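Trainee: Chain D is already provided as a structure; the job is to place chain P on it using the hints.
Quick mapping for you: the protein sequence lines, in order, are chains D and P.
Counting with my numbering, you get residues 1 to 100 for the letters of the first sequence.
Counting with my numbering, you get residues 1 to 149 for the letters of the second sequence.
No lab work stands behind these hints, which were simulated from the structure alone.
Hints are supplied without guarantee of correctness; some may be wrong.
Pairwise CB distance ranges (calculated) [claimed, not checked]:
| # | chain 1 | residue 1 | chain 2 | residue 2 | range |
| --- | --- | --- | --- | --- | --- |
| 1 | P | A103 | D | V20 | 51 to 59 Å |
| 2 | P | Q104 | D | R4 | 42 to 50 Å |
| 3 | P | D88 | D | H22 | 47 to 55 Å |
Pulled from the structure, derived: some chain D residues nowhere near chain P, Cβ distances all over 10 Å [said to hold, decoys possible]:
| # | residue |
| --- | --- |
| 4 | P23 |
| 5 | L27 |
| 6 | T28 |
| 7 | E29 |
| 8 | E34 |
| 9 | R39 |
| 10 | P49 |
| 11 | R56 |
| 12 | T60 |
| 13 | G61 |
| 14 | P70 |
One-sided excerpt, in silico: chain P residues whose CB lies under 8 Å from chain D [unchecked claim]:
| # | residue |
| --- | --- |
| 15 | W4 |
| 16 | L20 |
| 17 | R53 |
| 18 | L58 |
| 19 | L71 |
| 20 | E73 |
| 21 | D88 |
| 22 | A109 |
All values derive from a computational prediction rather than experimental measurement.
All residues carry an ideal CB built from backbone N, CA and C; glycine is no exception.
Chain by chain, the residues run as shown.
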Amino acid sequence: MERRVSWDRGPSGNWRHIFVEHPERKLTETEIEEILLSRDSLVVERRPPCEAVVGRIAGTGRLLLVAYIPRIADDALEMFPVHARQISARTWRRLRATVE
Amino acid sequence: MPQWSDPYDRMSDKELEEHLLALAAGQPPVRGAAAGSVVISLRMPQELLDRLRAAADLRGEGYQTLMKRWLEERLAEDGGLEPPPDWDALPDDVVSNVTLTPAQLRTLATRGELLLRVRSGSRRAARTAKPPAQRARSKTATPSRRGRA
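One chain only, chain D, in its complex shape (with noise of 0.2 Å):
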């Protein structure tokens, strides 16, 4: 089933608040959506409406933690991020060794 990001780039929509408002995080949307549509990323929160996913960009070795609202729209995951943020090397190996 498809699986796509959703992006709102009004005044008060996420795209603002993700690129303009935190500009001192140094994100793209490519970053974002790799996370987001990458199968091995790990879900490390859910914090109804919203699910936190960590996970790493395979060009540049970067940790980023996204969360976003989850929705099905026209038969597809659409996932709307709110937040993205680094993470470091030491949470990262901890998130993953609770899992494996």
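Mentor: Positioned in the frame of chain D, the structure of chain P alone reads:
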């Protein structure tokens, strides 16, 4: 997406790391916390179960996990305390036209929300309909009384 908020926005980098480490230490990711869980038996229409499984597949998670999450969300929305309809506020013409099916009557009686008094023939034949659970208790209580005697 009309309403949304960022649950981690107020956390500093350090706070977020500590939060994630706490999750890693006490609440394994992906695998739902099972502490305090109880096993229940639930009858569900096959068609509803099929739809639930399809929705869970879309999200890449188990249908039971999804079911619990949705229940949590719904309870978080209204606290699970939606008031029952206020019968006194309903117009008489509406109330007088209410018809209950036998199944609805049985459900209300089972819950103890309706007391049925059935008369047939003489007053001796009058009896009060008890909820099945109450009848079951009465049946189980009899042997123990006999046992003592």
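Trainee: Tell me the numbers of any earlier hints that the structure contravenes, in ascending order.
Mentor: 9, 10, 14, 17, 19, 21, 22
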